[in-house]
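The two chains are supplied separately, each in an independent frame; assemble them into the complex guided by the hints.
Chain by chain, the residues run as shown.
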Amino acid sequence: MVWLLCLLCAGCGIQGYRGTDPVSAAYLSRALSQSQSDITISAAVPDAVETEELTGIDLYDQGIQPVWLDIQNHGDSPLRVVLRSIDSEYFSPIEVAYMNRGAYSGEGYEAMQRWFYRHGLPRLLPAGERRSGFVYTRHRPGTKGFNVDVFRKGRGHTFTFFVPLPGFTADYTRVDFSQLYPPERLRELDFMSLRTVLETELSCCAGGPAAGDNGGPLNVVMVGTTLALRRSLLRGGWLETRADASLLKGAREHRFAGRSPDAVFYRSRPDGNESLNLHLWLAPWTLEGESIWVGQVYYRELAQRLLSGIAQNEALRNSEFLSRFIRESVAADIDEAQRFLLQNLWYSQSLSGFGIVTGVGASSVSRPELTFDGVGYFTNGYRHVLRVSESPVPLGGVELLYGGIEPPDEETMQ
Amino acid sequence: MSYTLRIVVQLLLLSHAMMAVGAPVPPPNDRLQKRTQGDITVNVAVPDATEVRELFGADLYAQNIQPVWVSLRNDGEVPVFLSPMGIDHAYYAPREALQRVLAAGQSLGTTLLENAAIRRIEIPPRSQRAGYVFTRVDEGTKSFNVDVFSDTAVSQMSFFVPVPGLQLDHHDFDRDALYSQEEIRELALPDLVAALESMPCCVRDGEGEDRGDPLNLVLIGQVQDLYYAFMRAGWDETETIYANSLIKTAVSALTGGRYRYSPVSALYVFDRAQDVALQRARSSIHERNHLRLWMTPLQFDGQPVWLGQISRDIGVRFTTRTITTHKIDPDVDETREFLLEDLAYTQGLRQFGYVGGVGAASYDEPRSNLTGDPYFTDGKRIVMWLSGTPTALNEVEFIDLSAWHTGLIGD
Chain A
20 MVWLLCLLCA GCGIQGYRGT DPVSAAYLSR ALSQSQSDIT ISAAVPDAVE
70 TEELTGIDLY DQGIQPVWLD IQNHGDSPLR VVLRSIDSEY FSPIEVAYMN
120 RGAYSGEGYE AMQRWFYRHG LPRLLPAGER RSGFVYTRHR PGTKGFNVDV
170 FRKGRGHTFT FFVPLPGFTA DYTRVDFSQL YPPERLRELD FMSLRTVLET
220 ELSCCAGGPA AGDNGGPLNV VMVGTTLALR RSLLRGGWLE TRADASLLKG
270 AREHRFAGRS PDAVFYRSRP DGNESLNLHL WLAPWTLEGE SIWVGQVYYR
320 ELAQRLLSGI AQNEALRNSE FLSRFIRESV AADIDEAQRF LLQNLWYSQS
370 LSGFGIVTGV GASSVSRPEL TFDGVGYFTN GYRHVLRVSE SPVPLGGVEL
420 LYGGIEPPDE ETMQ
Chain B
231 MSYTLRIVVQ LLLLSHAMMA VGAPVPPPND RLQKRTQGDI TVNVAVPDAT
281 EVRELFGADL YAQNIQPVWV SLRNDGEVPV FLSPMGIDHA YYAPREALQR
331 VLAAGQSLGT TLLENAAIRR IEIPPRSQRA GYVFTRVDEG TKSFNVDVFS
381 DTAVSQMSFF VPVPGLQLDH HDFDRDALYS QEEIRELALP DLVAALESMP
431 CCVRDGEGED RGDPLNLVLI GQVQDLYYAF MRAGWDETET IYANSLIKTA
481 VSALTGGRYR YSPVSALYVF DRAQDVALQR ARSSIHERNH LRLWMTPLQF
531 DGQPVWLGQI SRDIGVRFTT RTITTHKIDP DVDETREFLL EDLAYTQGLR
581 QFGYVGGVGA ASYDEPRSNL TGDPYFTDGK RIVMWLSGTP TALNEVEFID
631 LSAWHTGLIG D
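Chains as they are written, first to last, in this note's numbering: chain A, 20 to 433; chain B, 231 to 641.
Hints listed in this document are in silico derivations from the structure and should not be mistaken for laboratory results. Hints should not be assumed to be uniformly reliable.
What the hints assert, rightly or not - Between beta-carbon pairs, the in silico distance windows are: (1) B/Leu342 <-> A/Arg278: 38 to 48 angstroms; (2) B/Ala292 <-> A/Ser342: 27 to 37 angstroms; (3) B/Gly335 <-> A/Pro97: 38 to 48 angstroms; (4) A/Gly186 <-> B/Pro604: 34 to 44 angstroms; (5) A/Asp40 <-> B/Ala292: 51 to 61 angstroms; (6) A/Pro201 <-> B/Glu307: 43 to 53 angstroms; (7) B/Leu408 <-> A/Glu418: 35 to 45 angstroms; (8) A/Pro97 <-> B/Asp531: 22 to 32 angstroms; (9) A/Asp57 <-> B/Asp501: 48 to 58 angstroms; (10) A/Gly161 <-> B/Gly532: 49 to 59 angstroms; (11) A/Arg157 <-> B/Tyr593: 21 to 31 angstroms; (12) A/Glu418 <-> B/Pro420: 35 to 45 angstroms; (13) A/Met211 <-> B/Glu307: 19 to 29 angstroms.
What the hints assert, rightly or not - In silico SDA-like pairs for lysine to any residue, Cα to Cα no more than 25 angstroms straight-line: (14) A/Lys172 <-> B/Gly609; (15) A/Lys163 <-> A/Glu307; (16) B/Lys610 <-> A/Lys163.
Think of the CB as a built atom: it goes at the ideal place given N, C-alpha and C, for glycine as much as any other residue.
One chain only, chain B, in its complex shape (with noise of 0.2 angstroms):
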């Protein structure tokens, strides 16, 4: 801490002890959720549609915009920083989410708005703010991160809050339930290079007898890790099908228009579908990325490690069986290595590096998914050490595995 930091921070100390900073901006729901991190605590709570329109007397929901009610203490002796954008990276500024409540006929207070609105990001030593944040609307579980810096430090903390609506399928992750004490199988590295060989190659139908998509991705952290560093590349979970979504599918397909939570079906490995299902929208539906992840029995440095494939959609096509299905690009490695960049980019990523178990396939003589698209791939799957820590690109470590390699492909 520089020299006049903590003058400053003395006079602040001597001047009050604990102060709220504005006026208290109350939860809108007793749905709330904390986390505690060293001297900082957080409590959020999302209002649902009809909450919304109680507190505000307007529709936000209706305008792609949903408060999110962040409270933050410092109990710390330096000043905090909580940045909305951690929250969601195209957050509305309170008079841009006015503005466009305005735009669409209806009436509403600024004034209203600003006081309820986190205007200012910084908290100063051993106070409180509270306020909401103008995001976009999430359906169902609202997840997000909140990110609070101080100096050369940062806290972050995942939230998932159900809010009536959609149903998504995050659940709090219960390994305990997927195995027993027993199954687990705590590893080192040759083993579990080997263990990974060994996995299926690819995911299966609801029978288990078609081969589809490879899995050729392998992630080893905690699931907080792994949502945190998700969320922070862009990522959304999705929505479990149901008749009503597909319509939303369908109609988006049409369209061209951005829907973000369109279902994935489910694929089977294990004899389970998917774990994890998580999508990251561009700017149309025929330009999604796909993922799906299962926990395996292993585990690495305490470390769960799972197992998973990945997809880029490349355009929709219509079929009999489930309204639509998505074209996805044959380049399979090139989908799995811009993952790897993405995570990177985020400071999600500690280090990486390749086994095999998949098989390769070549551009001229394909193998094909459970859709019937064709897809190519050098064989190899990547394993990702997921960052509990933002971790920035220059300090990503690449591992060489290749001495542990056995040949083996997966059934």
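Extracted from the complex, chain A is given alone in its bound form (with noise of 0.2 angstroms):
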């Protein structure tokens, strides 16, 4: 019998609930602050521990990760802060209690559902005023990256956040950019200049660890400045790489100018294996001040680590099933990538301008290219360049920098 009844007592929940008071919590040693006119906004993130100890809840364990925030209004407006900035899909915060209503007494889940609802951030900030609170936002590894959108009188001002966390170093924070290039290599370009340059002196492609390897063509190149280009990876979901991460090792295998990439960013869809590359690296120009960054945009399928011994092997790479590769997998079809790339910028609102041009040379399914990392590829030959915006741009405000190259369309499948 007392059997039974703990057995039906673990069922409905008995603990009461204590919520930590945020404002004394380790992790605000963190927080990192920023200002724009009259507006102040500091941003920190507990780790996964931290998170446990403030909310009594594991909310990693669920996906959720809480970003704090403090806002300063120093001006004589109202000002608004825009949640869905931070995350598109954010939990409100009594949401976040149901969900961990279980373990709780009906006092206990009262007086959590109570501390979520005081702790979350308001969105409105009265002229003058100061507020804190959390965000739950979906957990993502590495550095916490995030918009925060703050409108005044329908003018808006975007910060844009990079929150270490403990025991994550993204690979681009180990690069020296200033030292990349000697200064008699830097050159100002225009758009007409840049077109020559990308169409007749960059390489078709990346290298490879040694001397004559294809790593893959360079089919993008990126025109921005770097918050802009970061603030647009963020908007198009795009994560980036640890320094040490294993999982993308390959990737670092590719080479320009003799280096591996600078950044190395990654997206993937739930329903599906793959996932998409991003290789960039810093070039030697500039545009109107802007950084250029050189680039390759890529499917790599989970089973195409199987694949790297294939380069090596003249039996191997004539083989049917190489030529079954290039005729079914995802990763041979590397502009379907590019167009991807093309698409989700333009989407995010991130992307001002895009243009074609040639550079890469086309290949086919019949004659495919074949990378030193056993990727077999087609190509039209085409190079998109992408020019970024700090501030968002609408669906019809994208300018056409090159376009109307007549392409070599299907022939390619032949």
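Set out below in structure tokens:
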């Protein structure tokens, strides 16, 4: 009988609730602060252990990552904070409480719901006031990157935070960008001379560990400030890579100007086993004061590791196996990844200009190219030039930089 | 248009008058729908599961793949771009579709799929392109947008293509069937505010007796702009309640699986059930937003005015009456503000402001809806003017309506 009662109680929850005061928590010592005109925002992100200490619940285990924000409105009119800018699918405070109601008694749940509600970040800040609180975002591995858009009288300000979490170092933080090129190699270009450089000077492809290796086409060129680039990749859902990541170790064997990518980003869809890789290298050129990055975007299939031996093996290289790979694999159709990136930036309001130039050289299904790490591919041979903007661009506001190239079209399929 | 572009365009014009790009892909059936905007003509058709099996020799629907046939004719003198992502933001590249079919043990030729697919997004001047975009399956009415870009311009068109299958709520909206010409009132802003504040505070049950969720939304816009904006923001139409779909919802609730079309129950305003019901699924059924709209007899600047209700589901409870019901977030203002942000970020919003009419309820003294869930609110109704053309975030205007507030709370 006692056992039966115990079993029944296991389902109903008998705990009380005690949340901690967020203002005294240790992670606040890592808060970063930024100011624009008369607005100051501080941001801090508790890690998994700190989150459990704070809320009493292992939220990271449920894919939820709290972001703490403190916003000061020094202006003389109200300010509106857009929570959706931080995460388009954030969890509401009471939603997080309700998801975790099971372990608590009725009173315990009341207390918990009140704690989450009281410590949620409010959207409206009256003139001259200061507010702080949590936004419950989806957990993403790595440095916590997010935008905070605030509006006053229709004028927007975008703050972008990259809050490091203990134990994660993004690859690009290890690159000393000021030392990459000697001053005499740096060139200021305009759009016309950029096109010439891309079509006639820039090599078709990245390299690999050995001289003469084909590391795959350099099929994207991004133009924009560093901030615009990081913001646009954030908005598009791209994830950064740890400097010591073993998952994307292969990506670092790709070379441009004799070095590994300065930054590797990736993006995967929840219902698939492919992931998109984006490798970026800072180029020694600028355009209207903005940086230019050369890069490559392609699909990486999880089975691809099996193929890395193929490139070195003459027999396999001409095998039916490889030709089937090229006929069927997602990764072989490398232009599809290029199209995805274009649309991804376009719909996330980051793209201000776009152009198509030549420079890669076409290859086809019947005459594919093969990278040093075993990716057979075909392409119509174009590069996409993508100019990204710090401020949002409407769908119809994208300037066509270069266009009208009559493509060879479906002949790459033959 | 840049100088180079103009030269290229002229060269193209010299070389061919009207050409088809690639091999022409014929439509799958004669259920064609056509729209024309300026120099752009778009035709679409959606094959049902049987037609897809006949076309491709494989069951794509079973792998959650629904091909949409699109034909675009560009009679203009500049190149345009057709974005598959506009049709479904999580569309499948042809080879992604192929791999899903192969992984399920079916056979399918790559070439068949790729030759049928739209594989290039640019459509040169005076040319035509037709083919398939592989989208996720929508049962019943397939509703999607087609976005066509050119240099600093965009044409957007919404399509609703019936596909044999489930029955959804969408129908071509006929205002004349709801209101006679005499009932329709065009109002200036001060009168509009007063009229909106005197509208019912809340939805009612079928008998018109008990009050339910607060009517905290007002939308102003043509029905096609409304559908375009919500589809762009990832909202789906809902299914009408039938026994079959209730079972699917119950299974989905038990497994946490994602069933995009779980039905909503009917709620009543103006003595009728909702005119439009939409939902936005997130990663599981436990987390979705529901929205219901009723067209009012009011009109502003020639645009219809809609009254509505939105709720964020934070869980599913089991009931005897409808098998399942959703537990809503009691912080209904949070849900309302999220909708504002969602429409602004997906470029569907032109301006917004607030009126009263709902009546405030505090956290400690909440009111409750028809299924007994509590809610609290500041008592405001948000008024959103939808945009027929994409509007960037920083162009969205806030309109202060407080000068015309009446202090009325609707019944």
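Consistency of the hints with the structure:
1. B/Leu342 <-> A/Arg278: 38 to 48 angstroms: holds, 43 angstroms
2. B/Ala292 <-> A/Ser342: 27 to 37 angstroms: holds, 28 angstroms
3. B/Gly335 <-> A/Pro97: 38 to 48 angstroms: 60 angstroms Cβ-Cβ, so the 38 to 48 angstroms window is violated.
4. A/Gly186 <-> B/Pro604: 34 to 44 angstroms: Given range 34 to 44 angstroms: holds, Cβ gap about 41 angstroms.
5. A/Asp40 <-> B/Ala292: 51 to 61 angstroms: holds, 53 angstroms
6. A/Pro201 <-> B/Glu307: 43 to 53 angstroms: holds, 47 angstroms
7. B/Leu408 <-> A/Glu418: 35 to 45 angstroms: holds, 44 angstroms
8. A/Pro97 <-> B/Asp531: 22 to 32 angstroms: 27 angstroms Cβ-Cβ, so the 22 to 32 angstroms window holds.
9. A/Asp57 <-> B/Asp501: 48 to 58 angstroms: This hint holds: roughly 51 angstroms between Cβ atoms.
10. A/Gly161 <-> B/Gly532: 49 to 59 angstroms: holds, 50 angstroms
11. A/Arg157 <-> B/Tyr593: 21 to 31 angstroms: holds, 26 angstroms
12. A/Glu418 <-> B/Pro420: 35 to 45 angstroms: holds, 42 angstroms
13. A/Met211 <-> B/Glu307: 19 to 29 angstroms: holds, 22 angstroms
14. A/Lys172 <-> B/Gly609: Distance of about 23 angstroms is within 25 angstroms: holds.
15. A/Lys163 <-> A/Glu307: violated, 30 angstroms
16. B/Lys610 <-> A/Lys163: violated, 35 angstroms
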